[in-house]
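A.B. asks: For chain A, the structure is supplied; the task is to place chain B on it using the hints.
There are 2 protein chains.
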Amino acid sequence: MNPDIQRERENATFNPDLLTYILDGGQEKTRRRREIEAMVISDPDFQQEDPNFLSRSERYEAAVRKSAQMIMKLREYGISDPEEIYNYKSCVHRGGPGPLDLHLGMFLPTLLNQATPEQQETFFMPAWNLEIIGTYAQTEMGHGTFIRGLETTATYDPSTQEFVMNSPTISSIKWWPGGLGKTSNHAIVLAQLYTQGTCHGLHAFIVPIRSMSTHKPLPGITVGDIGPKFGFDEVDNGYLKMDNVRIPRDNMLMKYAKVEPDGTYHKPPSSKLTYGTMVFIRSMIVGESSRALAKSSTIAIRYSSVRHQSEIRPGEPEPQILDYQTQQYKLFPLLATAYAFHFVGQYMRETYHRITGDINQGDFSELPELHALSAGLKAFTTWVANSGIEVCRMSCGGHGYSHCSSLPDIYVTFTPTCTYEGENTVMMLQTARYLVKSYRQASKGEQLTGIVSYLNEAQQRLQAQSVSSRPTVVNINDLASLVEAYKLRAAKLVEVAAKSLQGELQKSKSPEDAWNNSSIDLVRASDAHCHYVVVKLFAAKLAEVGDTAVHSVLSTLALLYALHGVAQNSGDFLQAGLLTIPQLSSVSQRLKDILAQVRPNAVALVDAFDYCDEMLNSVLGRYDGNVYEHMFDWARKSPLNRTEVHQSYHKYLKPLQSKL
Amino acid sequence: MNPDIQRERENATFNPDLLTYILDGGQEKTRRRREIEAMVISDPDFQQEDPNFLSRSERYEAAVRKSAQMIMKLREYGISDPEEIYNYKSCVHRGGPGPLDLHLGMFLPTLLNQATPEQQETFFMPAWNLEIIGTYAQTEMGHGTFIRGLETTATYDPSTQEFVMNSPTISSIKWWPGGLGKTSNHAIVLAQLYTQGTCHGLHAFIVPIRSMSTHKPLPGITVGDIGPKFGFDEVDNGYLKMDNVRIPRDNMLMKYAKVEPDGTYHKPPSSKLTYGTMVFIRSMIVGESSRALAKSSTIAIRYSSVRHQSEIRPGEPEPQILDYQTQQYKLFPLLATAYAFHFVGQYMRETYHRITGDINQGDFSELPELHALSAGLKAFTTWVANSGIEVCRMSCGGHGYSHCSSLPDIYVTFTPTCTYEGENTVMMLQTARYLVKSYRQASKGEQLTGIVSYLNEAQQRLQAQSVSSRPTVVNINDLASLVEAYKLRAAKLVEVAAKSLQGELQKSKSPEDAWNNSSIDLVRASDAHCHYVVVKLFAAKLAEVGDTAVHSVLSTLALLYALHGVAQNSGDFLQAGLLTIPQLSSVSQRLKDILAQVRPNAVALVDAFDYCDEMLNSVLGRYDGNVYEHMFDWARKSPLNRTEVHQSYHKYLKPLQSKL
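In the order they appear, the protein sequences are chains A and B. The working numbering applies: residue 1 is where the first sequence begins, and numbers increase by one. The working numbering applies: residue 1 is where the second sequence begins, and numbers increase by one.
Only chain A is shown next, with the shape it has when bound in the complex:
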């Protein structure tokens, strides 16, 4: 153990295990998670060379091999709880994606949710036993977040009782689905349904794309890999072009909508049914934001505790770079953010599970708010985490740029979350639509419920303010007061956006143009709303923490998170009259004090995330802090060092010398 990092652990004021239990949701869950991790890590079938040393094709192949092993072992060990499967899978792929992800995460669940009992009988068991390997093909080359724009067609032919599937244009080629390029032999295809001469909008169809015996593409199918990407080397994101591909009528998923043999169409019961799934997926993405920041800050903080550089005092040994205030200012707010987002993700999943019961009873009352909120929170957290990973990477100096740090890999694996499952700006605008609607209701005196109810208070406060011009000023040492300030900032920015929209409506040709011309303000309002929710949930979580030492360190992090946000958005708080100009310098001073307070617990706080070395796969983030020896070992094993002299010397450099 590196003595620097050992000393850090000795100096911590709390027991990191207790914090780990809180993160996992209980000691027993931590125990089981660790047990599963140990099972995977010690399993010789899951050993592999560092993926950074492999070609794209080799990385894909290694991932297929591990995915196949995983399916076998999950059955062998009888692991069937979804959370345990998730833990097992995370560990097998070291937190990264795999080629069977869409088979397991979309194809099978969609069959369960949208297939009739007869269809389940036909498709589910073969899919369960991987004779059918499926993916979910929605996105097209020209169409992403706006799914109504999809162009793929499914035209019903009653004479043969088949659907004729077509990709009528280049931009309609299915593009991006994971596992589509090489792995899958079936796809659930989203297409515009035409029957009896009418288009009925998007429906889902099971389309066989490769032969179940030879795995070769079937007639009319053009399928392949979309080529190399920033990351996701393990996944064969694919394209699919269909030319008059005929599938039986029974291959349309008909649990809700139906096409009868003669082509008569029955529409599904109008439905917010998909809202629940979307909320669940977004809560998972918020969790990903937290995990990405947790891993990145673990690596950066551990490394900063063993890296010595420059001098604070002449003649003395070079200090740990974690002692630099600027380094703390980069890393500790992100550490606090990782905790904040973890609690937000936890809250979303809990709320989702709580109201799932209501949904099954047909009570959708809480769902629209949660759905609207989840869109914004997905965008808010992924944007923050996305830039935060890079701050962590660059805080490691040059070595952060090496793949041995694992930080480039964390970034390229994470960054698609800003785009997929709803592009972030579009998501922010979805939340804004709900906020503006709620604001209008509040203006009319309607009583709002749930998390937007502050728009009522704000309305009252605004009216009160016209009487007394004395604004509410925040107490920067009090978390409850800061939560209040975030709330009022959100209220102010929702008001600004709603008024901007109102103004545009008065001068615009159409409501759509007015919306577009206010969209900068609308995104800002959503952002402030989400920021408020995060601060609020972090503060609320503290009430659940029993251990005094852990409570104390988490409270400090919550205060850091809240105050840092105030400093970063000081213009908003000044504008809303929540902060005075002299208070700004108190905020700066207080932030510096808090950084110093976090400093002795920084390593313990990342230890509490409990990432074992095998999961991090980072030379810089090693638990034992022995970075340099292992960096040298890693480099020597890398592919360019397999020969002493690279062949390009003999082919190009040596001959050149004689020509010059």
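If you're looking for bench data, these hints aren't it; they were derived computationally from the structure. Take the hints with a grain of salt, since some may be wrong.
As the list claims (entries may be wrong) - Footprint (simulated), chain A over chain B, 3 or more residues, beta carbon under 8 Å:
id, segment
1, 387–397
2, 423–432
Said to hold, decoys possible - With a straight-line cut-off of 27 Å between C-alpha atoms, the simulated DSSO-like cross-links for lysine-lysine are:
id, chain 1, residue 1, chain 2, residue 2
3, B, 592, B, 654
4, A, 541, A, 444
5, A, 659, B, 541
6, B, 492, A, 330
Heads up, the beta-carbon is just placed ideally off N, CA and C, and yes, glycines get one too.
C.D. replies: Just chain B, lined up with the frame of chain A:
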């Protein structure tokens, strides 16, 4: 030509060629640059497969091949002007790095600047003819920006008149130099010189590392590639460990410092000589910041003009995504920033060349200010560009994540600029040191010259303010007034930092602790200072623009750049009393108006950067806008599609089916 993008070009209000001439520094320079580009692009020897389809080793090999070809052709065509060589090389490597970069950019120039005439005779011609291929080995595994901490030793042995080179620890292993791993047979090594029992600090030594006949590592030398990185696949960044490697006394570069045969040491004339080189390199990096943003915004804006998505008005065709205000708000400020940084880089190079004459006359008076400023500007521009590239990439939706967009490659190639040639935070603090020193001089009533002279005015203004409390408020429609506001903001933040430092000095144990405890404020002050310089130089450039239409569009961009910065940092401007709260909403409104004003010229403004398709290598950024067909072509050529069925199917998936 895609009709959307054609229409964009028809609607532009100015002639982009005229703007290109301004960027290049004259019509003749544009002509010659295009000529060189055409020469390289049409040359069959420089054709190659898309590097994204190659393995790391193949990419390195292709780069060695092209570099070798390039050396031959530069001689064949007699291209010797440094700027023309730069253009030629940029084009050969498509703006990316090459394995001979350090040989050409560091090894040869260091020989010219620091070798004695006799040493030049021995080493220069062999190096010129690539018998000697060299690199510059400074950074060590444990030591980067703080070069005094380097551990490598060169101990003089008078008995044999040799230096004994050693890497005494793991952390002293040379790490990162480009071309060191496989390409070079020599390295200029920075090491602590020991002679007659005394350490004399860092000096440069020429160390043979590989055999000139077999290219195998020499005895005592451990050399290799440091392994895969985020980018720079073309470069063999390397490690070098030396165990008692003996080199002749003549291999120490002795133009300035000297070691006599008996070991007597003569120190160099104390020198700011390296300042000039550093200023030049940093001005090049500022130029890189501009180019990175120019390329990224070219790709994103062209693509946004042909991509249609969602609906503004129901029933109407999906609009170009460039019509979305949020998209404009992402891209147009970055477009303006690309122009701003281009002019800053131009100014730095011109100033450097102007005062180079003075330097050669021994007049260093202007150099410290330029040196201090260049550190901050390097950090300021690279940070902005770094995050800006990613904003451009994500504004392209999912396709930005594909290597076919070229945006991932632009990012990974650019991002090291935040770390190399001085880590950005350290650079910001260097500038801050100069600012605080200047502030103190101004406080004492000393008259400052040059760009920091505003600290005098601010001093006077502060004294005046105590009489009249009326602050100067900015006119947000007037660029000159905005420049003034940026200046006063910088003055305010320099004052805040200086006072914070003063306060810490009163309570800290040491000046070094006080510095560290003020460093957040110091970085902010530097940042504000650099921002002021950028706005000022952009505004100043407008005076040089003759053409009315071009002047008009550039003025709009300058206003956009300045106002966007005000909006992003509104807290600072409010704090300094330069902006009133009611003005904040005028700023938002004005920004929206300007976005609408830039909109019709956006494509022409990126066309003016004049990147040909071959340089961009981006399917999304194609000049003709025909994105989708070419994306499909590109994907079909990618390596995973060389076989219809991937071997992993037969190896793992097929066997699995029978086991389940």
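A.B. asks: A separate judgement is required for each hint: does it hold in the structure or not?
C.D. replies: How the hints compare with the structure:
Restraint check on the segment 387–397 of chain B versus chain A: 4 residues with Cβ-Cβ distances below 8 Å, three needed, restraint holds. Residues of the segment 423–432 of chain B lying with their CB closer than 8 Å to a CB of chain A number 5, which satisfies the three-residue condition for coverage. Of the pairs offered as hints, the one joining residue 592(B) and residue 654(B) is violated, with about 58 Å between alpha carbons and a cut-off of 27 Å exceeded. A threshold of 27 Å between alpha carbons decides the hint, and for residue 541(A) with residue 444(A) the separation of about 34 Å lies outside it, so the pair is violated.
A distance of roughly 47 Å separates the Cα atoms of residue 659(A) and residue 541(B); the hinted pair therefore is violated under the 27 Å criterion. Between residue 492(B) and residue 330(A), the direct Cα distance comes to roughly 23 Å. Compliance with the 27 Å bound is thereby established for this hinted pair.
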